[in-house]
Amino acid sequence: MKFSTPMPGRRAVLTSFAAATVVALVGCSTQTGQSAAKGEIGGKITVWTWNAPGSGLKAAIPAFQKLHPGVEVDVQDVGNPAIWEKITTGMAAGGSGLADILNIGIDYMGNYSEKFPKQLVDLRDLGADKLATQFPAGAWKSGQGPKGQVFGVPYEVNAAGFFFRQDLFKEAGIDYSGLKTWDELLAAGTTLKEKTGASLFSMDKAGTVGDSAGLFELLMGLQGAFYFNAAGDITLNGPEAVQSLEIIKKANDLGLVEDVPGSWENLLVTLRGERKVATTSSGGWLAGVIEEEAPDMAGKWSVSLPPAVKTGGLTGAVNGGTYLSIPSSSKNQATAYAFIDFALGTLEGQKLVYDGGGMFPGFKPMLDSDGFVAPNAFFGGEKVNQIFIDELNQDTPAVNYTSDYARALKAYVDVQTRVVLKGADPKTELDEAAKQVAQQTGRKLATN
Amino acid sequence: MNTLVQSSTPATAEKPVAPRRRRSSVGYPRITPYLFLMPMILLFVGFKLYPYISAFWLSLTKNVGGEVEFAGLENYTRLIADPLFYKALANTGIILLVQVPIMLVLAIVLAVAFNSVLLKIRSFWRTAYFVPIVMGLVAYGILFRALFNTNEGFVNYLISFIGLSPIPWLGDPLWAKVSIVIAMTWHYTGQNAIIYLAQMQSIGGELYEAAHVDGASAWQRFWHVTLPGLRPAIVLTVILSTIGTLQLFDEPYVLTNGGPDNATLTVGMYLYQNGFKFFDFGYASAIGYALTIIIGVISLIQLRLFKEKS
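Protein sequences appear in the order of chains A and W.
So in this note's numbering, spot 288 of the first sequence is number 288, and the numbers just go up one at a time.
So in this note's numbering, spot 158 of the second sequence is number 158, and the numbers just go up one at a time.
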């Protein structure tokens with residue numbers, strides 16, 4: 001009954017066949033930017049980034065379009081951390097569906113460049129080697145591949161921002177500027193707790209939301225160490241690591257660490273002063289966030305160089321950064337690079353990006369430019385940017401994230417949870433974790 | 001008689017028509033049925049078979065300096081020596097052994113209540129308990145995170161009324177497991193209750209009447225009539241829940257991220273971490289295949305057990 005004549009039947013079969021094929025293929029087909037003729041600047045490019053860095057890049061578009069009329073730049077706020085999974089799946093799929101410009105975190109750079117070396121364009125081919133001397137050597141190096149390829153141009157170069165609540169320290173009668181080492185800071189923290197009830201630090205002790213290793217990485221950085229050394233060997237159980245975790249354990253045992261799940265909302269609660277936590281350490285970018293999100297806290301937050309772990313030690317550390325990279329799958333690489341070159345490689349572009357998003361730049365002419373280190377009224381007249389520049393000018397070693405940073409980070413967070421929640425011994429636990437990372441990655445333990 | 005004849009006439013009249021119809025289908029090429037199946041076959045090959053084969057191949061490879069290299073069984077031997085994999089298996093096992101029985105017993109109780117004539121606005125209750133299953137992963141995560149928040153959560157707020165100190169629901173290894181079990185039970189009990197309810201409709205009323213006449217109490221009627229009648233549904237739900245729990249990913253992903261200290265790391269979470277956090281796709285695929293084998297073996301054992309009993 002259904003098919004009285006053969007023809008409609010066949011047609012129906014063909015139609016459903018075609019429909020199925022379309023359904024099957026739509027999932028795979030992708031379209032990145034409209035391609036311009038090779039080497040020519042034109043057409044449309046897309047950029048994957050997230051909120052604040054996105055605002056920065058958007059601010060540079062009008063001026064870029066004046067130089068290159070008719071070029072369209074679509075800056076997409078993909079969200080962080082969603083962007084990492086999106087880039088990972090795109091790269092695992094041979095570059096399918098990726099944007100023309102990717103904003104990549106320094107902690108992911110090693111992973112992408114080691115695991116997918118063919119998926120990122122060596123920007124030297126597009127002229128990036130001209131920019132090398134314009135950026136701090138360490139930041140430039142972390143964006144390079146093992147053979148000197150340039151996989152990313154530094155967008156943000158972050159020094160550790162050590163923010164503290166002036167009002168709370170004053171209330172407790174403590175002269176903050178007199179605190180030079182972490183021992184002194186912890187001692188002051190005890191007084192602070194007694195006098196004001198405020199905790200010195202906040203931390204996601206269970207590590208179930210954020211990675212909660214910020215404090216540890218800062219302490220490691222202040223000793224010139226990281227999870228891996230320059231050779232890529234594991235230093236997760238080195239003396240610096242043990243020392244860092246001992247400091248955290250001591251602070252925790254003294255009751256100075258408030259347990260706060262590591263979400264953005266929770267950070268904002270702290271920044272707005274709705275939770276009594278006296279210090280927050282993060283990248284220098286947090287300065288802009290505090291100004292914007294906690295306007296009522298003007299004059300209450302301030303920022304300083306982090307205290308040294310040992311008297312006379314480093315009082316500066318690098319706290320991550322991001323890069324702009326071009327995937328090999330981009331059909332409009334010339335235009336993509338032209339945009340990166342304008343936004344990050346010229347003073348005009350850098351100023352627009354900085355005003356738009358407030359990300360701390362690495363471009364030296366920008367750091368030296370007029371007004372960049374002007375006193376900041378919000379932070380009590382402190383020259384905020386000068387502090388970060390001073391940190392970056394110290395002899396901080398280039399941080400070697402390697403392709404196994406994520407594994408080391410997870411192993412560490414598990415250790416920290418055992419130490420702060422169950423009172424486990426730092427040295428024993430770090431030894432165990434270092435062995436585990438070695439088993440998983442085939443890396444050697446560094447000989448101390 | 002008359003009506004009978006009449007009603008049978010159309011059937012007999014149609015009989016000679018039927019073969020003619022079949023004959024007319026001879027005009028179609030032999031390939032026709034396969035063309036009809038084509039959309040399904042294409043989708044199956046594209047989205048099921050290809051990933052299966054591709055993942056198996058991946059599980060035999062590793063990434064060395066950006067090049068995919070054949071590694072033989074290396075990923076599998078590494079898996080056998082990996083303490084975190086065993087930790088994940090043990091966590092999954094504990095959650096399975098605790099959560100599935102609790103959930104299924106609750107579901108039977110709910111199904112009996114849904115079926116009871118004493119219950120007013122029955123369809124409302126049935127819907128209300130079924131709704132969690134359609135709730136999206138993210139909304140579900142936000143809801144339970146808010147409920148289980150140690151300092152500002154609603155659950156701890158309620159607990160404070162009976163004089164208990166706040167429980168670190170998501171921050172303590174033991175309580176995190178408990179939270180996962182509670183969230184899963186909330187999510188899936190209604191669905192199982194509906195399956196039981198459907199099965200209950202097939203238990204004949206005469207059985208209950210006979211039991212009643214024989215003087216069986218309500219409890220005896222439940223034990224000797226309802227439960228045996230539910231048997232097929234119980235077999236189904238036990239196997240489905242076991243498979244579902246072994247693949248557990250959603251709840252730890254949205255609530256605890258596998259922590260604290262791997263207390264809620266499940267095999268699914270570990271697979272995800274290796275693939276998408278550590279970019280170790282070969283190893284992640286090996287975990288996937290190991291899980292497939294484990295699920296296959298356990299399901300076979302369960303089917304065998306249930307068969308022997310009946």
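Worth double-checking, as some hints may not be accurate.
Label-pair distances were calculated between CB atoms; the ranges are [unchecked claim]:
1) W:S217 with A:P81: 54 to 60 Å
2) W:G296 with A:P81: 33 to 39 Å
3) W:N151 with A:E246: 54 to 60 Å
4) W:R231 with A:E432: 46 to 52 Å
5) A:K427 with W:R231: 55 to 61 Å
6) W:V45 with A:E292: 29 to 35 Å
7) W:Y86 with A:P375: 53 to 59 Å
8) A:E432 with W:Q302: 33 to 39 Å
Please keep in mind that the hints were generated in silico from the structure rather than gathered at the bench.
Here the structure is a predicted model, which is why all the values come from computation and not from measurement.
Ideal Cβ placement from N, Cα and C applies to all residues, glycine included.
Do the hints match the structure? See the list:
1. A beta carbon spacing of about 58 Å between S217 of chain W and P81 of chain A agrees with the range 54 to 60 Å that was offered as a hint.
2. Distance hint check for G296 of chain W and P81 of chain A: the Cβ-Cβ separation is about 34 Å, which falls inside the suggested range of 33 to 39 Å.
3. Between N151 of chain W and E246 of chain A the C-beta distance comes to about 28 Å, which lies outside the given range of 54 to 60 Å.
4. The hinted range of 46 to 52 Å is satisfied by R231 of chain W and E432 of chain A, whose Cβ atoms lie roughly 48 Å apart.
5. With their beta carbons about 57 Å apart, K427 of chain A and R231 of chain W fall inside the hinted range of 55 to 61 Å.
6. Evaluation of the 29 to 35 Å hint for V45 of chain W and E292 of chain A yields a failure: the beta carbon distance comes to about 52 Å.
7. Hint check: Y86 of chain W to P375 of chain A, Cβ distance near 58 Å, so the stated range 53 to 59 Å holds.
8. For E432 of chain A and Q302 of chain W, the Cβ-Cβ distance of about 37 Å falls inside the hinted range of 33 to 39 Å, so the restraint holds.
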